[in-house]
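With the hints as extra help, turn the sequences into a complete structure.
For the protein sequence lines, the chains are A and B, in the order given. Under this note's numbering, the first sequence has 179 at position 164, and the numbering climbs by one with no breaks. Under this note's numbering, the second sequence has 1182 at position 246, and the numbering climbs by one with no breaks.
Incorrect hints may have been included.
One-sided excerpt, in silico: chain B residues whose CB lies under 8 angstroms from chain A [to be verified]: (1) Val993; (2) Ser996; (3) Leu1168; (4) Gly1172; (5) Arg1173; (6) Phe1179; (7) Arg1229.
Hints are computed from structural coordinates only; laboratory data are not their basis. Cβ coordinates follow ideal geometry from the N, Cα and C atoms, glycine included.
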Amino acid sequence: MTKRRSSGSFAALVDSAKVVVCCGSGGVGKTTTAAAVAIEAARRGGRVCVITIDPARRLADALGIAGELGNDTTRVVLPEGEMWATMLDARATFDGVIRRHARDEKQVDRILGNQFYVNVASRLSGSQEYMAAERLFELHNDDRFDLIVVDTPPSREALDFLDAPQKLMNFLDHRVYRWLIAPARGGLKVLNIAAQPILRTIGRVIGADVLADAIDFFQAFEGIEEGFRARAEEVQTLLRSSETRYVVVASPRHDTVNEAMYFVSQLGRTGVDTSAVIVNRLQPRFGKHSATKLRGEIKRLEAESPDSDELVLHRNMADLVAVADAEDKSIEPLLTFADSAIVARVALRADDVHDLTSIGSIGREIFGDH
Amino acid sequence: MVAGKGGVGKTTVTAVLATAAADAGLRVLVVTLDGRPGLAALFGANASAGSTYDGDVVASGRGPGRRGSIHLRALSAGEALQDYLATQGLARVAKRLVNTGVVDVVASAAPGIDDLLVLGKIKHLVGLAGPDGPHDLVIADGPAAGHAVSFLRSPSAMATTIRGGPLRSQAIEIDGMLRDPSRSRVVLVTLPETTPVNELTETATTMTSEVGVALAPVVVNGVDRAGEVEALVAAGRVGDDDFGAAARFRATRCAVHAREVDRLTALLGDAPIELPHVATAGLTARDVERLARVLVEQVAS
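Written out as structure tokens, the structure reads:
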């Protein structure tokens, strides 16, 4: 057991935050954790909205957002507290951004109907991250909510999320963009493409019509950059504000612990503190039994009563203690590394976690209320 | 190709399969796509040495004559694209294109091009396999969580969107390899829990009916079976002390695992391969060896 840290409780952290961002690598239970934090924060009196990203069907069912498209927020019915949930629809969010900044309906249609735009909105690396941030910004400014909890897209890079606004701006503001739109001004589009060996090659590889779509998109996008940039800067500011807290989610295995440490260091490098570390699915301990003592007992039982229930029960306890010990050892470097972060431990459930009650119990455990 | 959602132990299964094949005397090339470190360590090699990811031998098989071996190689989309540009006579600017992000524009104009190029490299490596080649078998530790379907679908998607040119013919050839069960199979990995089993079943259907790849038997990772403990709990022979609580916890988990393995068997119409739960927080090369033997026993029976 690590000693209790002076930096306060998870509850206090959430009480003083407007936004809680859950990051971590895939498969550590990030989406469930985000839902659990939201449920408990709502139970404690907050008006909370959770943004989930690609939740498993049963979690979406539990939250009542299965099959929802677009950007609706759905009220989650809890025994106590006010909570809403929404599933990130990156495409719909991007469409909204375009609508907001476009000059007129014609420009909107031209962009939204462009195949290159569709690809950028749905497939460009960083798009999903930026749209999660954009959505977060929208909901943060919505008076209905005091707290937004956001799940992040699975990624090995914490920076994918933090830097997404900047990355997308760079993409849309790229030199290629200039190459591509320059010809239109002079009305020499075809000539200019032919004059660019790189474009010629790209066109040969991916097809001239595909390239034409890209050119058309960048032309249509002209004039939107300003508004787009201003917005991206506002979003960026929110992501780095002191009201936004970052929580790194991990599971107690060597590989995921290493990835969690990488997240913490990446956050730190951009000047963002990891406010809390949540370690999921820890093998629970049943009493205080040491591996050494159990080994001795098992040896004795094997000699004295090899067919006894006692022996089976001792061996079982030894198995579970071995896992718990190995996990404690495995997470130790993470806890040392993120030494100013609050640590919340969540015990592994023997049974599946899939309804609001069981997710809520995880929330209470995270907040330190067993 | 080993595929599965994050956290199900895809990399473990890759290591176990490679070890089993090497022990059987095959020279195995393991290709890792998500650049995660740690795979080398599962073969008992030094994970910190970056050079272990360029195709070097990291372990040898323990079977008769130790003829088998494991080579490790990392592939990335950036590298694949750079290589491809080089073959298109753009070697000099390739690096700059990748670094300045022109690649992002290309990848957005033709989504899946990066996946296609990585698969192109895999196909090249598969083409080298054989008695006279550097290896007999290629095992790819699939792309990160949930992308396996779009990854494997990229060749047929590209073949439809690109009307001509070298990339189109490559897409068609790769698609042919993926659809040919004698050349490639997909190993899906899951955990014995409800959500992973549901997701695996959906993926299995998509893989076979939409992507058109052949599946190898599914692998369920970390199955806990403690029959003696379950029997005691069922017979009410456990008390209210710590040992009783521990036994009930274990029995409940085993029951969930057994139920989910049964459900998966019913859904797939075929029994999956089970890898047992290992009481640890991270597998060692020795654990991988043991799991490889379990795998071989199950495949044999």
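Results of checking the hints against the structure:
With a least beta-carbon distance of about 23 angstroms to chain A, the hint placing valine 993(B) at the interface is violated under the 8 angstroms criterion. Taken as an interface hint, serine 996(B) does not check out: its beta carbon lies about 24 angstroms from the nearest beta carbon of chain A, beyond 8 angstroms. At its closest, the beta carbon of leucine 1168(B) sits 6 angstroms from a beta carbon of chain A; the interface hint therefore holds under the 8 angstroms criterion. Taken as an interface hint, glycine 1172(B) does not check out: its beta carbon lies about 11 angstroms from the nearest beta carbon of chain A, beyond 8 angstroms.
Hint on arginine 1173(B) holds. Least Cβ distance to chain A is approximately 5 angstroms, under the 8 angstroms limit. About 4 angstroms separates the beta-carbon of phenylalanine 1179(B) from the nearest beta-carbon of chain A, less than 8 angstroms, and the hint is met. At its closest, the beta carbon of arginine 1229(B) sits 20 angstroms from a beta carbon of chain A; the interface hint therefore is violated under the 8 angstroms criterion.
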